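A.B. asks: The residues making up each chain are set out below.
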Amino acid sequence: MTVPPTIFIVDDDSSVRRSLVRLVQSHGRQVREYPSAEAFLQQHDPGQPGCLVLDLSMPGLDGLSLQRELDAARISLPIIFITGHGSIPSSVQAMKAGAIDFLTKPVGQDALMRAIDAALEKDRLARQNHAEISGIEARLATLTPREREVLAYVVAGKVNKQIAASLGTVEKTIKVHRSRLMQKLGITSVAQLVKLAGRVGIVGPP
Amino acid sequence: MKPAMRTAGAKGRASKPQARFRVSVCLLAALLAGACAGFARATETVLVLYGERSSLAAVAIFDETFRAALRAKPSFNIDVASEFLDIGRDPGDEYFQLAARFLREKYRNTRLLAVVAGGPMAMEFLLQRGAETFPQATVIHAYVDRDWLAGRPIPENVIGIPPLFDVAKTIDVALRIHPNARRLVVVAGGSVMDRHLQAFFRRDAPRFAGRATFEYWDDLPFAETLRKLAALPADSVVLTSSVLRDQTGKWYTGRESIQLMSAVSSAPIYGIISPQIGYGLVGGYMPRIEDTGRIVGGIVLRLAAGEKLTASTLIETQPSHYIFDWRQLQRWRVPEHRLPEGSVVLFKEPSLWEKYRWQIVVGSALALVIFLLCVAEAVLIARFMAERRKRRHSEEELRESEQRMSLAARAAGLGSWLWDLRSNTIAVSERAASVLGVEEGEHIGFERFLSMVHPEDRRSARAAMERLRVDRVEFDHEMRLLRSDGAIRWIESRGRAEFGGDGQPVRVRGVAIDITSRKEAQAEARRHRDQAAHLSRVNVLGQLSGALAHELNQPLSAILSNAEAAQRYLAQGTANSDELREILSDIIADDQRAGAVIDRLRALLKRGESKHASLSINDLVRDIERLCHSDLVTRNVRLETQLTPDLHPVSGDRVQLEQVLLNLVVNACDAMEDSDPSQRLITIRTELADTGNLRILVSDRGPGLPPGDDERVFEPFVTSKAKGMGLGLSISRSIVAAHGGRLWAANNAAGGATFCFTLPVLAMAEAA
Numbered sequence: 137m138t139v140p141p142t143i144f145i146v147d148d149d150s151s152v153r154r155s156l157v158r159l160v161q162s163h164g165r166q167v168r169e170y171p172s173a174e175a176f177l178q179q180h181d182p183g184q185p186g187c188l189v190l191d192l193s194m195p196g197l198d199g200l201s202l203q204r205e206l207d208a209a210r211i212s213l214p215i216i217f218i219t220g221h222g223s224i225p226s227s228v229q230a231m232k233a234g235a236i237d238f239l240t241k242p243v244g245q246d247a248l249m250r251a252i253d254a255a256l257e258k259d260r261l262a263r264q265n266h267a268e269i270s271g272i273e274a275r276l277a278t279l280t281p282r283e284r285e286v287l288a289y290v291v292a293g294k295v296n297k298q299i300a301a302s303l304g305t306v307e308k309t310i311k312v313h314r315s316r317l318m319q320k321l322g323i324t325s326v327a328q329l330v331k332l333a334g335r336v337g338i339v340g341p342p
Numbered sequence: 006m007k008p009a010m011r012t013a014g015a016k017g018r019a020s021k022p023q024a025r026f027r028v029s030v031c032l033l034a035a036l037l038a039g040a041c042a043g044f045a046r047a048t049e050t051v052l053v054l055y056g057e058r059s060s061l062a063a064v065a066i067f068d069e070t071f072r073a074a075l076r077a078k079p080s081f082n083i084d085v086a087s088e089f090l091d092i093g094r095d096p097g098d099e100y101f102q103l104a105a106r107f108l109r110e111k112y113r114n115t116r117l118l119a120v121v122a123g124g125p126m127a128m129e130f131l132l133q134r135g136a137e138t139f140p141q142a143t144v145i146h147a148y149v150d151r152d153w154l155a156g157r158p159i160p161e162n163v164i165g166i167p168p169l170f171d172v173a174k175t176i177d178v179a180l181r182i183h184p185n186a187r188r189l190v191v192v193a194g195g196s197v198m199d200r201h202l203q204a205f206f207r208r209d210a211p212r213f214a215g216r217a218t219f220e221y222w223d224d225l226p227f228a229e230t231l232r233k234l235a236a237l238p239a240d241s242v243v244l245t246s247s248v249l250r251d252q253t254g255k256w257y258t259g260r261e262s263i264q265l266m267s268a269v270s271s272a273p274i275y276g277i278i279s280p281q282i283g284y285g286l287v288g289g290y291m292p293r294i295e296d297t298g299r300i301v302g303g304i305v306l307r308l309a310a311g312e313k314l315t316a317s318t319l320i321e322t323q324p325s326h327y328i329f330d331w332r333q334l335q336r337w338r339v340p341e342h343r344l345p346e347g348s349v350v351l352f353k354e355p356s357l358w359e360k361y362r363w364q365i366v367v368g369s370a371l372a373l374v375i376f377l378l379c380v381a382e383a384v385l386i387a388r389f390m391a392e393r394r395k396r397r398h399s400e401e402e403l404r405e406s407e408q409r410m411s412l413a414a415r416a417a418g419l420g421s422w423l424w425d426l427r428s429n430t431i432a433v434s435e436r437a438a439s440v441l442g443v444e445e446g447e448h449i450g451f452e453r454f455l456s457m458v459h460p461e462d463r464r465s466a467r468a469a470m471e472r473l474r475v476d477r478v479e480f481d482h483e484m485r486l487l488r489s490d491g492a493i494r495w496i497e498s499r500g501r502a503e504f505g506g507d508g509q510p511v512r513v514r515g516v517a518i519d520i521t522s523r524k525e526a527q528a529e530a531r532r533h534r535d536q537a538a539h540l541s542r543v544n545v546l547g548q549l550s551g552a553l554a555h556e557l558n559q560p561l562s563a564i565l566s567n568a569e570a571a572q573r574y575l576a577q578g579t580a581n582s583d584e585l586r587e588i589l590s591d592i593i594a595d596d597q598r599a600g601a602v603i604d605r606l607r608a609l610l611k612r613g614e615s616k617h618a619s620l621s622i623n624d625l626v627r628d629i630e631r632l633c634h635s636d637l638v639t640r641n642v643r644l645e646t647q648l649t650p651d652l653h654p655v656s657g658d659r660v661q662l663e664q665v666l667l668n669l670v671v672n673a674c675d676a677m678e679d680s681d682p683s684q685r686l687i688t689i690r691t692e693l694a695d696t697g698n699l700r701i702l703v704s705d706r707g708p709g710l711p712p713g714d715d716e717r718v719f720e721p722f723v724t725s726k727a728k729g730m731g732l733g734l735s736i737s738r739s740i741v742a743a744h745g746g747r748l749w750a751a752n753n754a755a756g757g758a759t760f761c762f763t764l765p766v767l768a769m770a771e772a773a
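Protein sequence lines correspond, in order, to chains A and B.
In the working numbering, each number is its position in the first sequence, counted from 1, plus 136.
In the working numbering, each number is its position in the second sequence, counted from 1, plus 5.
Isolated chain A (complex conformation):
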């Protein structure tokens, strides 16, 4: 993680927004502010790690609607809701949809920073996971179709002889495929291969 995370603050009330920006900045965090959900959607770069501090009730697109939009766009930015008068139904709805926390104004800095830390940690893990999977998928993409087939049989626990029989070839050919694919994936043991395959959901031959 080389890019520092950013806290995105969305609130239509400019004085509340400014005060939150200041407070989060005073904790040494990088902050970007938006006066509306629409403005955030327009300018947001999904590659930027961070979390969203979102006012629940705003004119136009409100907090819960933005949460739904992000969800539909498969942007998994963690969200902390803040609200002037939290109703139980709206907080339940927000939490069910995966919000990190639901804070009632006036928001104390301890609660806010705790929630932000939790949200950033969640985002970091998600991005790390995402990066690992992307790496594996990139390496898998370098395999030939035949090597992928062999990979599936190895993951399923078949020995070379069985694989050769299934694919209608000789054991020696399988051996060659096998060592080449291990090389391409940069691993040295079957155990590592199985673990890697598990991360991307390969469990056996189709």
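All the given hints hold, so there is nothing to weed out.
Some but not every residue of chain A turned toward chain B, in silico, with C-beta under 7 Å:
id, residue
1, Asp149
2, Ser151
3, Val152
4, Ser155
5, Leu156
6, Arg158
7, Leu159
8, Ser162
9, Ser193
10, Pro195
11, Gly220
12, Pro242
13, Gln245
Treat the hints as calculated values from the structure; they're not laboratory data.
Computed from a predicted structure; not experimentally measured.
Don't be surprised by glycine CBs; every beta carbon is placed ideally from N, CA and C.
Start from chain A and add chain B according to the hints.
C.D. replies: Here is chain B on its own, set in the frame of chain A:
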């Protein structure tokens, strides 16, 4: 004191003559006792046995009227004891036995004149257990109907004048009031009483076979009854004696169940139990418990007087009445002429406007009377002047003038005065003197007279009187007098100048009348309106309370975050003074913002007299926009304003006009509750209506008003909202009218409704 009197009265005269002295003391005591009590008697007790709980309304009404009836003969010395069996819930025979034993022991040594059976359940108890509980006592039944008694063997010692539930009359009157009703729904519960009363409807239903169909909702879960009531079609009428116990076994008081039913029912409800009137029944033909109390009281007094009464000597039936609730008649739009003759209409209250109109009528009538009297007096004065030209002393003239005044003038409280312009003194008649608090005939210097006028009215009074001298016009002026005892009296004074041979005015002659009570009545009417307006305002603000809390929360939240940020910068030593200065000025701004919210709230919540000032209507609209901001956001409603710039100011009470706008905006929001969020738009427009008036229009995109109902929404207590009082619009209309404007509503061509009001611009208002 009482025991002593009893000894003297009952035994004193019968005791054997002893020492003469003692006899005379006894006689004296007897005389005194007789003088005090008329005819001294031993205390006798009437025990009222209620079948119900003490908290029931019927119990309280009976108790009050019964005791009042007994007070008609205080000398009878009757004590009333009450017991509440609470056996409406059918507790079983064992409970009857226990209750009988308890009562027998408790009243063993009490002299019982009679036992009153309060209601059928108590009667049931006494029929079963009376003989063993109160041997030989006379039992008077109260509010036990003739049909209940008819089914049971009644011993000779059980007497009374029973009511009769003639429910056919209730059904008939309901059908006459609602000629389009085709469907009669009889709602009943499952308790013994419920079933007893419901049977009357079943019994009499066949008589209405051709006119309507009957449907019986017996013993449903109450929630289901309520659901079904809410869904009744327009041609229905509900008949009920209330639901005391529903199918799930839950108990209700009669009033309670009627209240719940009336709140949801889409059809009018008629009943037969009088204490339920006022709780949602439209009305019905019913015996009144007040009558029962009086009747039983009368029977007790007859017994106390020694009359022998038995079941066969008392054969009358308690009369019933047609009773209606005026508010319910309004709710169902029943014109009063449809009610049978002799109907009792309860809860009829004149609207604020009716009250106010009356004040105006009385005011104008008084003004007319004063005017006529002035004319009459002018004639009298003229004749008098011709006769008495030579008279020197104005006070004498006055006295005679007043003597000649008609009786009517005296009755109206008119006093007369004479202002001699040469000596600049005023002489007053007896009546005027008493108003002024001076001696009759006293010459009061003009300046001294002015000093009696209330300081605030002094300048205008002087101006009016001076003008009279110069312009030779008639004088008609209202002013306040501040009397030496501090009391303020309003007077209306009229006068006319008289001129000497040189054409110069020499004196002014006039009459004055004390109009304090009229002024007070007007002030009272204004106070009533202000109070009602305040209540309605509090109600509207209550609906906005969540949004207002949000309005306060925003600046508080910003203040907290700013302060915490500043603390951190200082703690880290990274504070720079520019940043801190900015934070502090933000905190101050937010504090002022919170203060402004509170000020606005306080102004709206404040109870007080209306105060007129010059106002910009566009500012008012912007104020309301700010006040409603959070509520609108929460409810997903957009508010657009189209404000014509540079409109003339209006004269008005800021708080009350804001209330009108607030009401219209909140109503518009409510109207669009079920609309698609993209359609929820309120438009407020201000414009010049014509040369003298501004127009303010509040439009919504809701379903609009039901056809033909654009006036009905302004009637008091007409509401479509579950929590509303139905007063908002009627009060808004009275506020606008008090400002010289008009408020009405109409549907938009493109859907939704527009509420529109006018206000006269300031220059016109002042001229008026």
